[in-house]
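With chain A's structure known, arrange chain B on it following the hints.
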Amino acid sequence: NFPGGWRERDPMAGSAEFVEADNAEAIITRIETKSRKIESLLKQFKHVEALKTALEGSPPKTRDERCKSANWIVVHRAIMAIKDIDGMLNALDVEYYDILMKYLYRGLSTGDRPTCDQCLKIHEKLTERAGLGCILRCLTDTINVV
Amino acid sequence: MANPLRLYLACIRNTLEAAMCLQNFPCQEVERHNKPEVELKTSPELLLNPVLICLNEAEKCLIETSINSLRISLKVKQADELENILTKKFLRFLSMRAEAFQVLRRKPVQGYDISFLITNYHCEEMQKQKLIDFIDIEKEITELKLSVNTRGRLVATEFLKQFIYVDRLHIQHFPHQELPAILLCMRMVDNGSC
Numbered sequence: 001n002f003p004g005g006w007r008e009r010d011p012m013a014g015s016a017e018f019v020e021a022d023n024a025e026a027i028i029t030r031i032e033t034k035s036r037k038i039e040s041l042l043k044q045f046k047h048v049e050a051l052k053t054a055l056e057g058s059p060p061k062t063r064d065e066r067c068k069s070a071n072w073i074v075v076h077r078a079i080m081a082i083k084d085i086d087g088m089l090n091a092l093d094v095e096y097y098d099i100l101m102k103y104l105y106r107g108l109s110t111g112d113r114p115t116c117d118q119c120l121k122i123h124e125k126l127t128e129r130a131g132l133g134c135i136l137r138c139l140t141d142t143i144n145v146v
Numbered sequence: 147m148a149n150p151l152r153l154y155l156a157c158i159r160n161t162l163e164a165a166m167c168l169q170n171f172p173c174q175e176v177e178r179h180n181k182p183e184v185e186l187k188t189s190p191e192l193l194l195n196p197v198l199i200c201l202n203e204a205e206k207c208l209i210e211t212s213i214n215s216l217r218i219s220l221k222v223k224q225a226d227e228l229e230n231i232l233t234k235k236f237l238r239f240l241s242m243r244a245e246a247f248q249v250l251r252r253k254p255v256q257g258y259d260i261s262f263l264i265t266n267y268h269c270e271e272m273q274k275q276k277l278i279d280f281i282d283i284e285k286e287i288t289e290l291k292l293s294v295n296t297r298g299r300l301v302a303t304e305f306l307k308q309f310i311y312v313d314r315l316h317i318q319h320f321p322h323q324e325l326p327a328i329l330l331c332m333r334m335v336d337n338g339s340c
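Just so you know, the protein sequences line up as chains A and B, in that order.
Residue numbering for the first sequence follows the working numbering, beginning at 1 and increasing consecutively.
Residue numbering for the second sequence follows the working numbering, beginning at 147 and increasing consecutively.
Extracted from the complex, chain A is given alone in its bound form (with noise of 0.2 angstroms):
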């Protein structure tokens, strides 16, 4: 679900800084329109459909710090959001538990205390759920870094 334009435009390795810079501010502008969708999702309290919204279009092989800020202050929103923890995670798909623990983890490292408190709760229930080996993918997983 990338725009298709930037593989013709640049096949070679040659000027990789260039493809990422517009690639990047691609998925930028998408971050942003996903992000107002999640506003009027959550406005309409459709908290599991506003998460899942910000879990799907998560770039995944950028290296560039923007997005994946820009991609987690989204998630962020949603994550903060949920107040059935159960519920959420019930109606979530599995495919989904991946990449909601990596952000997981990144919410424990900032060290703000609703955020920490928030993801300690959600990583109980999830590590119940998905077990030990959705842990050990997000340690192992160097290059979908979130």
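Hints were generated in silico from the structure; no laboratory data involved.
Treat each hint with caution, since some may be false.
[Claimed, not checked] Cross-link-like lysine-lysine pairs, in silico, DSBU-like; alpha carbons within 35 angstroms at most: (1) A/K125 <-> B/K285; (2) B/K253 <-> A/K121; (3) A/K121 <-> B/K221.
Here is chain B on its own, set in the frame of chain A:
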């Protein structure tokens, strides 16, 4: 609402259980050497993502893993200067006797109070669950000691207020271990900071 400290310990415990999958891996650069890769960080392919788990602004736990070793660094809550000094003393005492503990690291990692280094050899000799329990208990003991000292300090302060204007020779009746704490308290009370 569940206790955040309990959740924090549960989170650390789960992460440790997942991360403690160590195997023997001889050094790639120098033959016949076997070094803990997490300390040297020579090859990036042998290292996993480090994970930082914070309870709040003051307490955190850093877990770094590699193929044959795991390093856990803890930072414990310190309310004020006196607790800072007590923590340093207590943890320095533990670190100096690191050989008896085997998994303790002599010097804590920069920015943390205490560090543990677990290698594959420790995992072979000791059970994984017991290692995790040990680290849990270390945390709890540190916190207990600190809270006991804090309470002792508060009690001593209150008690000593009545002696301030009377002669200080009463000190020789107190047990000698409490003496430094009591002197500090008296100084603090004199300065009006308590």
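Evaluation of the provided hints:
As the CA atoms of A/K125 and B/K285 are separated by approximately 23 angstroms, the hinted pair is consistent with the 35 angstroms bound. A hinted pair counts as satisfied when its Cα atoms are at most 35 angstroms apart, and B/K253 with A/K121 qualifies at roughly 32 angstroms. With a C-alpha separation of about 21 angstroms, the suggested pairing of A/K121 with B/K221 holds against the 35 angstroms cut-off.
The structure agrees with every numbered hint stated previously.
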